[in-house]
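Undergrad: Mind docking chain V on chain X? Use the hints.
Here's the letter readout for the chains.
Protein chains: 2
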Amino acid sequence: MFYLIGIGLCDEKDITVKGLEIVRRADRVYLEHYTSIIWKSKEDLEKFYEKELILADREMVEMQSDDILANADVENVALLVAGDPFAATTHTDLILRARKKNIPTSIIHNASIFNAVACCGLQLYNFGETVSIPYWTEKWKPDSFLKKIDSNLNSYLHTLCLLDIQVKEPTPESLTKKIKSYSPPRFMSVKEAATQLMELVRSKASIILKENTLCIGLSRVGADDQKIVACTLSEMTEIDLGPPLHSLVIAAETLHPIEEEYISQFRS
Amino acid sequence: MFYLIGIGLCDEKDITVKGLEIVRRADRVYLEHYTSIIWKSKEDLEKFYEKELILADREMVEMQSDDILANADVENVALLVAGDPFAATTHTDLILRARKKNIPTSIIHNASIFNAVACCGLQLYNFGETVSIPYWTEKWKPDSFLKKIDSNLNSYLHTLCLLDIQVKEPTPESLTKKIKSYSPPRFMSVKEAATQLMELVRSKASIILKENTLCIGLSRVGADDQKIVACTLSEMTEIDLGPPLHSLVIAAETLHPIEEEYISQFRS
Chain X
1 MFYLIGIGLC DEKDITVKGL EIVRRADRVY LEHYTSIIWK SKEDLEKFYE KELILADREM
61 VEMQSDDILA NADVENVALL VAGDPFAATT HTDLILRARK KNIPTSIIHN ASIFNAVACC
121 GLQLYNFGET VSIPYWTEKW KPDSFLKKID SNLNSYLHTL CLLDIQVKEP TPESLTKKIK
181 SYSPPRFMSV KEAATQLMEL VRSKASIILK ENTLCIGLSR VGADDQKIVA CTLSEMTEID
241 LGPPLHSLVI AAETLHPIEE EYISQFRS
Chain V
1 MFYLIGIGLC DEKDITVKGL EIVRRADRVY LEHYTSIIWK SKEDLEKFYE KELILADREM
61 VEMQSDDILA NADVENVALL VAGDPFAATT HTDLILRARK KNIPTSIIHN ASIFNAVACC
121 GLQLYNFGET VSIPYWTEKW KPDSFLKKID SNLNSYLHTL CLLDIQVKEP TPESLTKKIK
181 SYSPPRFMSV KEAATQLMEL VRSKASIILK ENTLCIGLSR VGADDQKIVA CTLSEMTEID
241 LGPPLHSLVI AAETLHPIEE EYISQFRS
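Heads up: the sequence lines are chains X and V, in that order.
Just so we're aligned: the first sequence equals residues 1 to 268 in full-length UniProt numbering.
Just so we're aligned: the second sequence equals residues 1 to 268 in full-length UniProt numbering.
No lab work stands behind these hints: they were computed from the structure.
The beta-carbon is built from N, C-alpha and C at its ideal position, and this holds for glycine as well.
It is possible that part of the hints are untrue.
Cross-link-like lysine-lysine pairs, in silico, DSS-like; alpha carbons within 25 Å at most [what the hints assert, rightly or not]:
hint : chain 1 : residue 1 : chain 2 : residue 2
1    : V       : Lys139    : X       : Lys13
2    : X       : Lys13     : V       : Lys51
3    : X       : Lys148    : V       : Lys147
4    : V       : Lys13     : X       : Lys47
5    : V       : Lys101    : X       : Lys227
6    : V       : Lys147    : X       : Lys13
7    : X       : Lys100    : V       : Lys227
8    : X       : Lys191    : X       : Lys141
9    : V       : Lys51     : V       : Lys13
10   : X       : Lys42     : V       : Lys13
The following label-pair restraints were derived from C-beta to C-beta distances [as the list claims (entries may be wrong)]:
hint : chain 1 : residue 1 : chain 2 : residue 2 : range
11   : X       : Leu175    : V       : Phe48     : 50 to 56 Å
12   : X       : Asp44     : V       : Lys210    : 51 to 57 Å
13   : V       : Gln64     : X       : Gln265    : 22 to 28 Å
Next comes chain X alone, as it looks inside the complex (with noise of 0.2 Å):
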């Protein structure tokens, strides 16, 4: 069997009593290299579930499946990833894979931002399309995310942006070379993310979302240390909520009375 285990939003007693006994039960477990970074370490995690994890990046879940399937069929191999395991397509893609061997699989499921983001207040069924927003970088500005926020407004929607996570990114110079050398991990921070939107505010290239629209930014949402501050885009520019992971929702304009009280808490 095959088993994609979510193992949720924080640290190593999130996963489920299910899926921690499958980990512990299993004859090979993967852990995704995106979900080691974000967690305390790989060591912690191995203590806890009492099982040896095999490091698997991006790369090797992509490329390499048959690797992480092999044996499949016999025995039992898991792979754990960060929140809910299909968040990403990457994972629909492996379930895919496998189904085509015919190696039965099964999902472990577990929290992950899509649903954890209401811990501000904003109801789930008030929220409109997701967004992702990505790292700018001097020549590339890609910004159609916005056309989707404003879409979101003019429906009197919430938008939750999920912020771009770079891991294992080769460097420029490395891709004109043989031996590839990776950039440090960077994860998009709520400040980082206000100002690209402001720049488009200011560019005009914004119909509804204005510099004053409110906006709830969250970071490490579920841990002891989580932080949550509800201002408007432009103020969200200069707050600092700390390490990743963040996230960032742009509030609608008319919020529902208990919306607008439970914000209230983390106005600044």
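TA: Just chain V now, with coordinates in the frame of chain X:
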């Protein structure tokens, strides 16, 4: 401390390790009535959690929150809810009440249908606004969800339809009597939801939703006997997906190739 603990999608082992540790050391643990109905039984949960559980119906959670929160400033009190705690406004409200009493609060997240729905292969960031479909009566046939489904389809987005759950509803006869009697609990099936939607399509109330729109029916997501079926809306009126809970997804007209490939395994 007052803990709001999501116990996940299906059975007693879907609680997180963190959640289970809190339950076992808590002074008082409430189990939301609605949760206790969809789970096998309160006794199964009590046995596995090694803890006596106090049943709390919606009325108690909403009207007698003072009893639930009593002494939570010096004791550890937990309320267990299905899925993730923040899917319902009732729980947001409970946290607000606790904070007004200066009771510290803690949320333990878990999977809910809002993120687990992605197990059907449709990507979460291609979903628009979520809608709720209520049971119609002979005289009361609200259809505000239809405009939202049409709006999502118009933006090439999928729609998650949460289907009505009626637990501890007073019978119509008892509303005028002194002693309340309650109807047996009922949970809307995918078949019932599709039938109501088809009635709207036939009456030409929908602009974009058609009888041949692709729909995905899901039942008991996360359980061993989980079922997923992909077919047209009109075909869905004939599909029996077994016991609750059910959810229905209205798929966007255009699918990503990986979505298309993944969905194909569920076509009947």
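Undergrad: Given the proposed pairing of X:Lys100 with V:Lys227, does the C-alpha separation stay at or below 25 Å?
TA: Holds, at about 20 Å.
Undergrad: Could you say whether the range 51 to 57 Å given as a hint is met by the Cβ separation of X:Asp44 and V:Lys210?
TA: holds (52 Å)
Undergrad: Are the Cα positions of X:Lys148 and V:Lys147 separated by 25 Å at most?
TA: holds (19 Å)
Undergrad: Hinted pair, alpha-carbon criterion (25 Å max): V:Lys147, X:Lys13. Please report holds or violated.
TA: violated (42 Å)
Undergrad: Is it true that the CA of V:Lys139 sits at most 25 Å from the CA of X:Lys13?
TA: Answer violated: V:Lys139 to X:Lys13 is near 50 Å, above 25 Å.
Undergrad: V:Lys51 and V:Lys13 were given as a pair; does the straight-line alpha-carbon distance stay at or below 25 Å?
TA: Roughly 14 Å separates the two Cα atoms, so the pair holds.
Undergrad: Under the criterion that the straight-line Cα-Cα distance not exceed 25 Å, is the pair X:Lys13, V:Lys51 satisfied?
TA: holds (20 Å)
Undergrad: Starting from V:Lys13, check that the Cα of X:Lys47 is at most 25 Å away, please.
TA: At roughly 21 Å apart (the allowed maximum being 25 Å), X:Lys47 and V:Lys13 satisfy the hint.
Undergrad: Are the Cα positions of X:Lys191 and X:Lys141 separated by 25 Å at most?
TA: holds (17 Å)
Undergrad: Is X:Lys42 close enough to V:Lys13, meaning Cα to Cα at most 25 Å?
TA: holds (24 Å)
Undergrad: Taking the Cβ atom of X:Leu175 and the Cβ atom of V:Phe48, is their distance within the range 50 to 56 Å?
TA: For X:Leu175 and V:Phe48 the Cβ distance comes to about 53 Å; the hint holds.
Undergrad: Measure nothing beyond the straight line between the CA atoms of V:Lys101 and X:Lys227; if it is 25 Å or shorter, mark the hint as holding.
TA: Status holds; Cα separation ~21 Å.
When the structure is compared with the earlier hints, violations turn up for hints 1, 6 and for no others.
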